[in-house]
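K.L.:
Each chain is listed here by its residues.
Number of protein chains: 2
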Amino acid sequence: MRTAFYISDGTAITSEVFGHALLSLFPTKLKHVTVPFIETKEKALKVQALINNSKSSEGDRPIVFHTFVDNELRDIIASSDAMEYDFLNHFTGPIEQELGIAPVPKTHRTHSMHEKTYDHRIEAMNFALTNDDGGNMKNMGDADVILVGVSRSGKTPTSLYLALQYGIKAANYPFVEEDMDDLKLPPELQQNKDKLFGLTITPQRLSAIRNERRANSRYASIKQCRIELKEVEMLFKKQRIPYLDSTSYSVEEISAKILAATKLERHKY
Amino acid sequence: MRTAFYISDGTAITSEVFGHALLSLFPTKLKHVTVPFIETKEKALKVQALINNSKSSEGDRPIVFHTFVDNELRDIIASSDAMEYDFLNHFTGPIEQELGIAPVPKTHRTHSMHEKTYDHRIEAMNFALTNDDGGNMKNMGDADVILVGVSRSGKTPTSLYLALQYGIKAANYPFVEEDMDDLKLPPELQQNKDKLFGLTITPQRLSAIRNERRANSRYASIKQCRIELKEVEMLFKKQRIPYLDSTSYSVEEISAKILAATKLERHKY
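Order-wise, the sequence lines are chains F and H.
Just so we're aligned, residue 213 is where the first sequence starts under our numbering, counting upward by one.
Just so we're aligned, residue 213 is where the second sequence starts under our numbering, counting upward by one.
Just so you know, these hints were derived from the structure itself, not from any lab.
In this text the structure is predicted, and so the values were computed from the model without any measurement.
Some hints here could point you the wrong way.
Same chains, same label: a pair holds when it works inside one copy or across any pair of copies.
Computed cross-link-like contacts, DSBU-like style, restricted to lysine-lysine with a CA-CA straight-line distance of at most 30 Å [stated by the list, open to error]: (1) K328 x K267; (2) K475 x K243; (3) K241 x K435; (4) K350 x K435; (5) K258 x K350; (6) K267 x K243.
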């Protein structure tokens, strides 16, 4: 099997994301190897040997995605017996011309704690953990967005993704069975109504997810799921809370849709 | 200020990551606008108008990063008055030649729940939440990795990042003040010793982080931080638990270093 390498003097996350997006267009199986933090000549030469070995043992040339700040290290990797993509450098020339500014390469510019937005993202993550499942109603005013919905409709993973990826402070609040007889917003949510965003889901999918947690429980029954979802969707409509059906969307897609709908400011790009 | 646009028929996350890595090389301030889920001709024409307006109101041509599967939609965006980067397509030709396979463009291939690894990642995230802070000692055997260290050394955010980004099941366990007199591994950790990975941190940084949580507490005092860190580092050495100092690393960097050190298999690239 042919190998794809993702190599960098930093985390190699940019190489991974770019390489994954590109290679996923091709219906073939590859072996994936990430080699981060190649910060010395010795390490670069070792990786070069690793790439060349992969070529000789597998026959096919490996595909190498790399981002380096140091030219000497880059040249060592680029001279491997591989198809190599220095995909960032490929575009710096035209951008330099357009902006009229020279690039200032600096190691660990992205994905490091020196990135301006880093503290913001960690703070947002701690906020999401503290304010998961209505944990601290008094903090609702500090949230950028408050996700509401029935238990297991996707609120927690979405809150964490919004925090980690974009530095957005997302609290979340679940409507539970006991609320259903007379469903209304608790005062802390009523006071922050402009921050509410609802998640809903089909009863079938909700029941399947809940069954994984508590098999054959009343909580997981399709009947109970139907009742809760119906009540909560009625509340969303009555209170004009924007909402989306999370059934067939990933956490990334739900987050992107919430950001597009709410115009919340991202703290990281 | 010049605007950078990130546009896609999907989440636009790939455009954001690539554009961010590229633009962060240039010391200039830009306005950033992400426009995801452009799936119809009408929406594409609206975005084209948005881009053209940005040019006429700001003078400078916007920079547009886009990934589209549909050619008609792509052409609408590409004909905007902007510097546009169809950065994935730029590389598909050479990869096609190298692999000898034609690309099969498909919407929502990355960052959707149809990605093979999606369920794995959500399961890993639920695992990290359930097994945060030693929450369920009986589950330790199911973990791919168990992060250990003093309170506030970076275990929780790292566990969640490993889950969300790579589908790795990370539990974490804190050593607390009460353990310090006779610090040893609890039996559940002793049984899974090959899964342990330690995080440490400087007393100064730990004290600063703890002070944000509980200002002027004994817990946050530099003396207490020193004692706990010394005991825990002695345990790491005595038990030969691999560890790293998280003080100056981001969650992304800590995760990349753990993956490199442990050779854990990633479930997503």
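K.L.:
Each hint needs a verdict: does it hold in this structure or not?
P.N.:
Results of checking the hints against the structure:
1. K328 x K267: Intra 40 Å, inter 27 Å, cutoff 30 Å: inter-copy only.
2. K475 x K243: Between copies only: 14 Å across, 39 Å inside.
3. K241 x K435: Neither. Shortest intra-copy (43 Å) and inter-copy (54 Å) distances fail the 30 Å Cα cut-off.
4. K350 x K435: For K350 and K435, the Cα distance exceeds 30 Å both inside one copy (33 Å) and across copies (33 Å).
5. K258 x K350: neither (54 Å within a copy, 41 Å between copies)
6. K267 x K243: within (12 Å within a copy, 43 Å between copies)
Figure legend: structure checked against the earlier numbered hints; hints not met, in rising order: 3, 4 and 5.
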